[in-house]
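Using the sequences and the hints given, assemble the complete structure.
Residue numbers (my numbering), protein chains in the order written: chain B, -9 to 177; chain E, 571 to 1345.
None of these hints come from the bench; they were simulated from the model. It cannot be assumed that every hint is accurate.
[As the list claims (entries may be wrong)] As a list, the in silico DSSO-like pairs of lysine-lysine whose alpha-carbon atoms are at most 27 Å apart:
id	chain 1	residue 1	chain 2	residue 2
1	B	12	B	167
2	B	14	B	34
3	B	72	B	12
4	B	12	E	1333
5	E	691	B	14
6	B	21	B	34
7	B	72	B	171
8	E	1333	B	41
9	B	21	B	167
10	E	686	B	167
11	E	686	B	14
12	B	12	B	34
13	E	691	B	41
14	B	80	B	41
15	E	1064	B	14
16	E	686	B	21
17	E	686	B	164
18	E	686	B	12
19	B	12	B	164
20	E	691	B	21
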Amino acid sequence: MVLVMAIGDLHIPHRAMELPAKFKSMLVPGKIQHIICTGNLCIKEVHDYLKSLCPNLHVTRGVYDEDARYPETETLTIEQFKLGLCHGHKVVPWGDLDSLAMVQRQLDVDILVSGHTHRFMAYKHETGMVINPGSATGSYCGMTYDVNPSIVLMDIDGLRVVVYVYELIDGEVKVEKIDFKKTSATT
Amino acid sequence: MSPAAPIEPAKKTLPESSSSGELSPERADLEKCRRFGDLRGVQWRIDLGILPSSSSSSVNDLRRVTANCRRSYAALRRRLLINPHIPKDGSNFPDLVMDNPLSQNPDSMWGRFFHKAELEKMVDQDLSRLYPEHGSYFQTPGCQGMLRRILLLWCIRHPNYGYRQGMHELLAPLLYVLQADLERLSEVRKQYQDYFTDNFDGLSFNETDSAYKSDLEKGSPHMEDAIKNQKDQVKDNYLNELDPKIQTIILFSDAYGAEGELGIVLSEKFMEHDAYSMFDALMNGDGGAVAMANFFSHSPLNGPQNGLPPVLEASSALYHLLSIVDLSLYTHLVELGVEPQYFALRWLRVLFGREFALEDLLVIWDEIFALDNSRLSGGSEHESEVSYGVLKSSRGAFISALAVSMILYLRSSVLATENATSCLQRLLNFPEDVSLAKLIKKAKSLMTLAIDAINSKPVGVRGQSLSSDLVAPGSPRSLVPESYWEEKWRVLTKEEEQRRQATPQKLVQNRIKGWSEKVKMRLSRTESACLLSKVNHKIVDRSRSPIRKNLLDDLAHQLGSEIDEKLASEDDSKVRFSSVNGGSEENSSIFSDPVSPRCFAINNDHGNETERSSVASNSSVIGNHPAALYSATEEVASPLPVSDPPEDMLFKEVQNDCTKERAVTNLRERRLLAGKFQWLWMFAKTGPEGSAEKGVCTSESSISPVTECNQKNAVPSSSTTDGTSKPEAVIESVLEQQKAQTEPVAKIALVGRGQITAMAALKELRKISNLLSEM
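Laid out in C-alpha cells, this is it:
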C-alpha cells in the first residue's frame, strides 16, 4: 500500500506561478510515501515544497532546472515494481512510444515515468507501463495544445498497481483509474 | 493467539476476614454474587453486565450469552477492518472523485483508511509503553495485536470519543484477568485431566466393580503425581464429587451445547472477543451511571447548561466528599490551589490503574465491579440541579470513596506540603506498599457519606471554579480529526470570525472617549474576573467604584511614583480616585494588552512576585489622583454589561489560563465578602506563598465596594465553562480579564519595585501574548 506520486514539468516560476489551488489542497503531507518528479521544477522552492510533502523525493534533470545536480535518469524499486524516471527531452521523437519503450528496456524497469510533452499519457503493455504525468501546473508547451494540469498517483500493492490520474479540466478535478497487474514477481 | 509466557494466576484476593464484623449481610450478598470468586474473568463479566448475574443462571445460560457477545464482536471485526484495495463487489463502481487516495472527503474509503492509520499510530504509541514491568505478557506481539485491534475497533465504533490515552490501560487488566482464568483452567486441567476427557470406553454397567477397576487401570497413567495414591484408588468420574469451583471450571471449558466452541466460557480462542465485550461494557457503563467513556469526553454530560466535562464533575464530587469527611485537609488543598482534577483525572480515567501495581489493582477492581452500577435515584430531581450524575451509583460512590480514602492515607504528607507542586507530587506518586485491605475498608466505611455527597446538590461555585483547562486547549488536537486539513481550515475561519467579532468590541471601546466610559469598561472586565462565582447583588457603592477604574487606567500608562501614598490611602476612597491622565485616552484594548500579558504570565509563573509587585506599584499610582468619578460610576453599571457579554462568553477560556487564580479568587471572595480584600487574596494566591497577602490585607471597607461594583456588573455576564476553545478570542479575553484582575490587587499589594521594570515586563508579556495569539 505504497502511494507514489508522479509529478513534473511545473516550470515554476517561468511559465507558471504555482500549483493550482485544487491540487494544492489535495496534497497534504503524510499520505504519500514517494514522490517522483520528471523534471523542470525549476527552482529550489518547488523542490522544498515537494520535500515537505514527502521526504522521499526523486527528481531527474529537466531542460530548465536550475539545480544541475539532478541525475539524468533514476530507478527505484518499490514493493514488486521497478520504476524508472527520466525527463524525456533526450528521447527523440519526443513522446514516441517506441523510443520510450527502448529506454524502458534499457533501464530494465516495469514502469517508466517521463515527461516533457506536458501531456498526460499512460500506456500499458504486457511487461510494463509507460506513464507521462503531464504538467502539474498546465504550463505552456510548444508541442501540446490545451494543456490541462495533471498529476499521477500510483498505489502500489504487491504485484498490482492502481494508477490514479488527477486532471484539472475546466476548474474541476477529474479522476481516472488504471489498473495494472504484473505477471511475475521481480527477482 | 495466547502469549508465550504464562502469567501467575492472580491469587491475591481480599481476605474475607477484613470485612467480617459490620458487613455481614453485605458479605452474604457478595458471596452469592461472587460465585466465581477465583475466576476473575467470569466474575468481572458478570459484574460488568455481560453475563447474566442472577444466581440461578446455569452454565448453559452463561454459555449462550457468551456466544452472543462473541458473535457480535466477530461481525464487528469483519465489518470494520477496511482494506481499500479489496473491492466490495465488482459491480460497485466507486465515485472516483470521492474515493481516490488524495481525496479530502472523510467519508471516502481512503479517508477512513487514513483515519484508521492515524488512530493506529496513536494506539501503537501507547501500547508500546504499556505495563513494561509485565512486559513478558503485555509486550508480546500476540497480546499487543489483540489490544490494538480491540482499541481500534472500539474507537472506530465510537467516533465521538476517539482514542484517548488511558483507554489502553483500562483494557489491559481485563485481558490480563481473562488470561489468568485460562491459566487457572490449564492448571485444573493438568490436575484433573481425567475429568476433561470422556472415558466411556472402559465403562461397563454390568459390573460396577469392574468399572471401578477399569477406571483405575485407565486412570493411573493419566494421574499426575500431585494426586495422592489414595485418591487414585477411589477416583471416579463423577463431577459432583469435586469441589464446586473445580466443577464450574470444568464445565466452563465444555464445548457442548448449541453454541459449540463459541460457548466455551473460558476460551483462549475468543479471548479477544471477551475482552472487547468487557471493555465495551466498562466504557458504556452498561446502562448504569459510571461509564468510563464519560471520563474521556469533553462535553458535559447533561447538556451545556451544566457546563462541566464529566471528569471535572467527578473530581469536584471527590472534593465535595473530602470536604465532608475531612474539612481541614480539604481546606489545605484548596488553599494551596490544588484542583482535584490535577490528580483525579489520572485516577479516574484509568480507574486507579497507575496508582497501584497490577495485582493490587485487580483486587481493587474486584471491589469496584462488585458494586452495582445502576443509577441511584435520590437527591434533586430537577435537571438543572442535578447532582453528580457521572458518579451516581454505588459503584461511583465507591470510586469516590476510594479516592478520598487514598487522599486520607496521604493526609500527613499532604498537610506537610507548602505549595501546590509538592502536594501534587505526593498525591501523584502513591506509595507502593499500601495496605489495600485498610484502604478498601476505609472506602467502604465512607460509602454512605459518599452516596449522600453524590446525591446532594453540588456546590455551584466550586464546580465553576474547576476549570476546563485540562480539556480545552488540547481537545482539538488530541482527537484524530477526520480530515486534519479540513479541521484546520475550520479552526482558522473560526478564528477569523472571532477576530472580526472581537474587533467591533474593540472599536466600540476605542470610540468611547470619556474617561469614565473607559473606566467602566475596565471595571466590567475586572468584574468579569469574579464572574465565575455566584455573586450576590449588592448595592453598588458608587463612591468606591472609581477606585478600581483609577487603578485600571493608571496601570496602563501611568508609571507614577506615588505608590506608597497609594497604599496608605486605602480607606479614603477619595484618595483613590486618580485622575486618569492619559489613561482614559488610551484604548482599553491596548490597555489590556500590556497588563494582560503580564497577568497571563503571572498566572503561569507563580513565583513571579516582582512582576506582580510592579503591577501593583503601577496600579497603586492610580489611587493618587482623586477624581470626580462619582458620577461616572453611576453610568458604569448599565453600559458595562453590554460590552461584557461578548467577552464574558469567552471567559470560559480564561479559565484555561487562570484557573487557579480564579478558583482561589472565587473561593476567597465568597468567603470574605470583601472586594478589595478578596482581590488581595486572589492576587496573592496566584503564587505559592500564602502568607504575604495576609500582611497586605487592607481595610475591608475600601475593598468591599469595589467587589460589589464588580459583582453587580459581573452578574449580567453569564459564565459557562464551555470546554470549546476559541483560541484567539480566548487569549484576548484572558489577557483582559487578567489585567482587570490584577490591577486592583496591584494597587493594594506591595511597595513599588520600579515601574520601569514593570513596563519592561509588560512589554515582554505583550510579546508573549501576541505569540500566543498567533499560535
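| said: What's the verdict on residue 686 of chain E and residue 12 of chain B, does the C-alpha distance respect the 27 Å limit or exceed it? | reply: The hint holds at about 25 Å.
| query | Regarding the pair residue 1064 of chain E and residue 14 of chain B, is the alpha-carbon distance no greater than 27 Å? | reply | holds, 22 Å
| query | residue 1333 of chain E and residue 41 of chain B: Cα distance at most 27 Å? | reply | Violated: residue 1333 of chain E and residue 41 of chain B sit about 38 Å apart, past 27 Å.
| task | Take the C-alpha atoms of residue 12 of chain B and residue 164 of chain B, compute the straight-line distance between them, and say whether it is at most 27 Å. | result | Judged against 27 Å, a Cα distance of about 11 Å means the pair holds.
| Under the criterion that the straight-line Cα-Cα distance not exceed 27 Å, is the pair residue 686 of chain E, residue 167 of chain B satisfied? | Given pair residue 686 of chain E, residue 167 of chain B holds - Cα atoms ~23 Å apart, limit 27 Å.
| Can the restraint linking residue 72 of chain B and residue 171 of chain B be considered satisfied, given a maximum Cα separation of 27 Å? | holds, 13 Å
| request: Mind checking the alpha carbons of residue 72 of chain B and residue 12 of chain B for me, to see if they're no more than 27 Å apart? | output: Violated. Residue 72 of chain B to residue 12 of chain B sits at ~30 Å, over the 27 Å cutoff.
| query | Does residue 34 of chain B lie within 27 Å of residue 14 of chain B when you go C-alpha to C-alpha? | reply | holds, 18 Å
| Taking 27 Å as the top limit, are the C-alpha atoms of residue 691 of chain E and residue 41 of chain B close enough? | holds, 22 Å
| query | Are the Cα atoms of residue 686 of chain E and residue 21 of chain B separated by 27 Å or less? | reply | Answer holds: residue 686 of chain E to residue 21 of chain B is near 12 Å, not above 27 Å.
| query | Do the alpha carbons of residue 12 of chain B and residue 34 of chain B lie within 27 Å of each other, as the hint requires? | reply | Measuring from Cα to Cα gives roughly 22 Å; hence the hint holds.
| query | Hey, residue 12 of chain B versus residue 167 of chain B, does the alpha-carbon distance stay inside 27 Å? | reply | holds, 19 Å
Of the hints listed earlier, those the structure fails to meet are numbers 3, 4 and 8, in rising order.
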